[in-house]
Structures are given as structure tokens and as C-alpha cells.
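Let the hints inform the model, and build the full structure from the sequences given.
Plus 34 on top of the position in the sequence shown (first one is 1) and you've got my numbering.
Please keep in mind that the hints were generated in silico from the structure rather than gathered at the bench.
Treat the hints with care, since some could be wrong.
Unchecked claim - Straight-line C-alpha distance at most 16 Å; calculated EDC-like pairs for lysine to aspartate or glutamate: (1) 180 with 252; (2) 82 with 43; (3) 229 with 66; (4) 82 with 96; (5) 82 with 101; (6) 229 with 55; (7) 82 with 129; (8) 180 with 159.
In this text the structure is predicted, and so the values were computed from the model without any measurement.
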Amino acid sequence: MRIGLIAIDGCFGSAIASIIDIVRVADGARGDVDPRIDPIELAILGPKRRVTTTASMTLSVDHPLSESGEFDVVVVPALGTLTAAATNDALQSRDARSVIASLGRLDEATTRIAAACTGVFAVAETGRMHHRRATTSWFLGPEFLKRYPTVALDLDTMVVADGNLVTAGAAFAHIDLALSLVRSISPDLAQHVAKLLIIDERPSQAAFVAYEHLRHEDPIVVEFERFVRARLDEPFNVDFVAQSLGTSRRTLERRVRAALNLSPLGFVQRLRIERARHLSATTDLTSAEIALRVGYANAETLRSLLRRERRRS
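Printed below as a string of C-alpha cells:
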């Protein structure tokens, strides 16, 4: 397999380094796992001869972007931004536009595209994600949905594969992305690399999502969140909440889904679990007392939801 790793000035340094290290360890270890595994080659692609990452790491570019089509997989790492505004600005830079143009010219039948974190935005700019599943940094989910409303965004999942597109979540999900590429070559090799580097399996972003940090601008969703956060210990009725906010149930459900990619009830359940975990870590309340404080009549219902979340994460 030939992997082309795109790098531009300001891209996330640890993302580049983790992908390089995992792929090179995989190539070095493949003979020990199965001598029949073909060599794994990794090269740096870019719009200029040398690029500098956020960690001031300078990389020599092996191939220009015009040669991206010669690789089996082209990987787009994080752009090095942490906010929606900075990400949108980065997408307009000359280097980013060159990357987006080169991705748009790739033949889907011969080259897979893999991306993580804000790098997923660059792939979405090409239009290739129209009506396809993807994931990205959980805290940029609302901006992603606003910018690319036809993408089926899954913020819970760490790595999402849809045909020849593979996407991963926030910053250190580059590790999971690199392992998924190795796994596509050999599951045994991926498992071996994970053991060598002590990489734990993390199939979900759900455990890392703190919903109070999600940025969205929909006033109805903002009021909905404030309303339910103040009443987490009360039974949830979507019709009552919609009426209290001066809107219809259908409008509330549509706006919450658009902003958070969750149903109103799904969002309330996440808030309750988040509050329950916080109370468990910071107070001496019993499980039954915590359950009552987050709107559940008994502790077993809460424990069941927590177990379900752990299985997903």
C-alpha cells in the first residue's frame, strides 16, 4: 500500500507525527506478523517543498499534490485550528485551496481518501461527502453541519468508513485513523502495532463530548438547552418543552437535530448522563440520590444508560 500524507504549513504536528510513526512501525513489523503482507510506503505530499507544522516541525515534501493520484490512500490531517472561525479561514488559504482542488481530482475507483479532525472539512469542501457518513472533531460538529448539511455526521464514532472515504474524530483520533488504515491491510498487523505502541481501542468520541462546549447559533436550540439543563430532575416531555419555548414539537425536533445531530430526548439523556458522572465524581451522593437529581426514578435505569454509554465508548 502507498499512503500519501498531505502536509501544509500550520497543520497539526502531533497528527502528522502519529500517522508517520504508526505506519512506519506497521511496515517494520509486518514481516513478524505475516511475511505475505506487502510493503507499506508512506510519503509526504504538499503544495510546496517544505512545510512547518504547529509544533514547529519542518517536513520535506516528497511529492507535489499533482501526484496524489499515484497513491492508494491520501490522508488529510488536521488543519491546526481549534475554532469554527479559524477553520473557515484556514479553508480559504492558498495551500488549503490547492489541497481541496487536488482531492477533487482524485479517481474514487483507485484512491481512498482518509481525513481526521478539521482535515475532514477540506474533504467535505470537494463535495465528495454528499449524503455519506462521516465524523470530525466533536466540538466543531454544529459548524460542520451548518457548512455541509447533506453529510450524515456521526459525532459519537471515532472512525467512520463509507465506501472509499474514511474519517476520524478530534486531534488524537489520527492514531485511530492510522490504525484503521493498517487494519485494512491486516487486522493482525493492526493488533500487533497497537500492542507494541500501547494503543487502547477507542471506538467512540462519546466519552469525550462535553455538550456545554458545542458551538451553535440557533436561538431555539440555545433556549432548549438552557431550559432542560435547569430541569434535569424533572420528567421530560418534548411537547411541553416546545410549548414553553413558543415553538412546535416538529420545529424543535428539526432544529435540535440540525444543530446537534441528536433528537431532543437523545440530547436530554446525554445531559443527564453528563450530570450524573459529574455528581458521582464530585459528591458523596448515593446512586439512587444521583438518579433522582437527573430525572430518573431509580438507580437501575441510570445504571443501564451508563452501561450502554460505556459499550458505545
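- Message: Can you confirm whether the C-alpha distance between residue 82 and residue 101 stays at or below 16 Å?
- Response: holds, 13 Å
- Query: residue 82 and residue 96: Cα distance at most 16 Å?
  - Reply: Status holds; Cα separation ~10 Å.
- Task: For the pair we were handed, residue 229 and residue 66, check the Cα-Cα distance against 16 Å.
- Result: The given pair, whose Cα atoms are some 13 Å apart, holds under the 16 Å limit.
- Message: Next pair to validate is residue 229 with residue 55; report whether the Cα-Cα distance is within 16 Å.
- Response: Roughly 14 Å between the alpha carbons, so the hint for residue 229 and residue 55 holds.
- Is the Cα-Cα distance between residue 82 and residue 129 16 Å or less? holds, 9 Å
- Message: Please verify whether residue 82 and residue 43 have alpha carbons no more than 16 Å apart.
- Response: holds, 9 Å
- Between residue 180 and residue 159, does the CA-CA distance stay at or below 16 Å? holds, 13 Å
- Task: Given the hint that residue 180 pairs with residue 252, test it: the Cα-Cα distance must not exceed 16 Å.
- Result: Satisfied, since the Cα-Cα distance of roughly 10 Å is no more than 16 Å.
Of the numbered hints stated above, none is contradicted by the structure.
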